[in-house]
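The whole structure should be built from the sequences, with the hints applied where relevant.
Protein sequences appear in the order of chains Y, L and B. Using the numbering used here, you'd call the opening residue of the first sequence number 1 and step up by one each time. Using the numbering used here, you'd call the opening residue of the second sequence number 1 and step up by one each time. Using the numbering used here, you'd call the opening residue of the third sequence number 1 and step up by one each time.
Simulated from the structure, these hints should not be mistaken for laboratory data. As the structure is a computational prediction, the values presented were derived from the model and not from experiment.
Cut-off 30 Å, straight-line C-alpha distance, at most; resulting in silico cross-link-like pairs (BS3-like, lysine-lysine):
| # | chain 1 | residue 1 | chain 2 | residue 2 |
| --- | --- | --- | --- | --- |
| 1 | L | Lys31 | Y | Lys224 |
| 2 | L | Lys413 | B | Lys106 |
| 3 | L | Lys101 | L | Lys235 |
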Amino acid sequence: MSLGTGDRTAILGRVKEALRIEAPLKHPAERSAGGEPTTAHFREWLPPVGGSLDERFELFARLSETLKSELHPCADMAEAAVILAGLAKEGNWKTVALHRGDLIDALAEVLPPELETMRLKPGYDKDQLEACDAGITECDLLVAQTGSVCVTSKSAGGRVLSVLPPHHIVIARRSQLVTDLTEAYASLAAKYRDGYPSMISFITGPSRTGDIERILVLGAHGPKRLTILLLP
Amino acid sequence: MTTHAGLPRHQFQQDANLTANDGPRREAVRKALGNYQTARNRTGATFTDWKSARNAAATIKHEALNHLDRYLEEFEQKFTARGGKVFWASDSKQARDYILKLAKEKGVRSIVKSKAMTGEEIHLNEALLEEGYGVVESDLGEYIQQLKGEPPYHFVFPCMHLRRDEISDLFHRELGTAQTNSPEELTMIARRVLRRAYVEADMGISGANFIVADTGMISITENEGNARLTVGLPKIHVALIGIEKMVPRLGDLALFLPMLATAGTGQHLTGYNSMYGGPRQPGETDGPEEFHVVFLDNHRTRLLADPEQRDALHCIRCGACLNVCPIFKNIGGHTYGTTYQGPIGSVITPHFRGLQDWKHLSGASSLCGACTETCPVGIDIHHHLLHNRRNAAAQKPASGEGLLWKAFVFLMKRPALYRLATKFAPLGGLLQPLLEHVPFNPLHNWTETREFPQAPLRSFRDQFRAHQAAKTSQAKGGAR
Amino acid sequence: MRVTLFVPCFIDSLYPNVGMSMVHVLERLGHTVEFPEEQTCCGQPPFNSGYWEEARTVASKQLDVFHKAEVIISGSGSCGAMFKVFYPELFHGHAREAEAKALSAKTWEFSEFLVTKLGITDVGARFEGRATFHDGCHGLRELGTKLAPRELLRHVQGLELVEMTEAETCCGFGGTFAVKYPQISTAMAEVKCNSICETKADYVISNDSSCLMQIGGWLDRNVGSVKCLHLAEVLASR
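What follows is the structure, given as structure tokens:
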């Protein structure tokens, strides 16, 4: 049975009818290089990021701290493994959830042997994932301007691995850092020329809420902690 | 406060009486919003040029709204090409019926919902519960309001009016948990309940902050991660979205997301900003098998047809205008009796639900303009309140008031008569002590809480005339 | 310069001293002050209530009265905003639109006239006391007046100016709003006045007498010790 498309024609008709007179533009945009404001102009107005790569890393690190993300620059995979082992011990982890990917596969090789792993495959058991102590994923990009990690349903093992377990570990390379959201969207457009993943998500710090008396609490639902392991 | 009999304007006056006299609650709301203001100012100051960013946002929204038909079709074409389904609902009932039918057809048992003001607008939860579907709100604030059986107090901060002890009492009563005064422990109680809801639900319902035409995506902004889980785990995703949420290009979000966060909560970016372009795609691990977008008109086209106020549809529901509004701070969100509270709610509600029934909201404003000043997309909010007042009076002048203004004009067109009236102003002052004991004292609404100034014996024009005369005679004296 | 005063109806009858103070300050600075007696009200009360037809009739009268003025000075940010911002909108698409725009262009709020138009920040005033300044909303947000009155007050000898936290928060007057929604209006006055009292100021100064009527009305009923003054009254004293 088809549920139909509803009042498609009627609504589009009403919209067209309503728009016969154009509304005045009360706050016209400053057009720096002529023409309509384009995404390239946004960075002239948004918070500045800094010109050099070092400045951008510094900003990313500073924002991570404010956001209570834990950023760990690592010299190599071995160092990342040591940090991860420390986190596993500290959090008394029994099971971690992972997806498939170059960095993840390399990391899986050096995980503490006593740690059980759940590799996410289509049709996985949701309850089993819910019970995992941590989710480890790759990402598409890191964004300097906002301190965000950008994941997609292609890069990070689907939609929920990065948001259901109480601790989200991201493994990334320095080369994945982009300046701002404008560059991030451009980069995603190039990478997924043949079709975007069904989800793109900019994660900016661990899950948080201020719903009770506007007081910040971390881990409202998903990750109480967000750790970024940053490889050269 | 939702079970009032009588007209909306009577309910409004009654509730305003109660809330304006509730000092402690007003103080708590003011304090919470004061903290917001500090954060917002701090983050806003990091922008290189907030005003230009605002103008660009206004221009992009203007483009999106003034070519809405084209962008809606573009979205639909892109979105359906990737397996999504679009349903167009003219009104609340049509939207509710579609979702109910879908749930029935797919054998849905339980539903988890992330924050969607459109859901409040069409009373979706009530309809679902009536048909026997369990539905759980997953945003913490919304969850608390759902347990309390109350609509949201503020469309961004749903339970900002509640103190922690009230929430603890509520959880104790409804969930049987131990009392606590820790916001963290209270949050963890909700976390435990809600994690089960995500895993068990077979339908997830969300709203959206933006519709992106060029890529056929919707974008959802949230801090908690509840929306990501709501649209990640269940096998069906339904997004209920007002048609005005349009932006033309995915890249536009690079401007809108930081502005929404800054204006809405004072963050530089909200915790999760996620774009969804279709159900689970081939090769993906998880995600819903079906993704339905329900476009809601529900009188939005009526507002769209008013070029003067069309920019009210630019609204990105950041809530900034509520947060700075002295009216909101003193009467609270429930007094409005609307889905969308505060200044923007007072502008749009008369268009959505009838001008004559809701014009009092436009009247209940001192027109201070703090809303317009703070709006990140440049809506002339307080001027639209004036426009609503004008339209309401033109459509149906209030019986007493129309006469009053006719008398006013009669006086003000006649300077001689007006001068005579100003001469008698001191008389009014002398009569005032007597008037206080008269049942229909015209000044009662003023003098009940405030002193009225004592009119001086000589008006300005009399004094000025005397002053000029003195100067003239002085000049003559000097010449002599 | 020949300047023409626009003295709103309630200043005329309730606060004549404000008008006279403006006259004294302007004359002291060497200007010729005119007051066309035919002027009445700017029309804001019916305008704000939605009765634009009625407002236009009253406003038309003022277009006639001020037709020949070179410069119009208003002692109220709110009535000034009516001339400057709302007349062009009120007459939009009407026969007298051009006249309304012309009137708008030559209208000045008192402090802006002194500071922005004349470039004067010190009018030679002397006033002993501790004071805080209230930004009237129409002056602040419709006309963009924020610094001019403060510049002037900073140069008043003997005056100590302290900012309150809620300086830019509406006092709750809002014209007919104050009597149509007295409970909200009063709650707003309370917030404003508490902030005024926190500064321990002896005086609250504003460039809008309508706000001062509201603030003074609440203070006189509930506090009693803080006095309201219009900016012109402070600038006129020596």
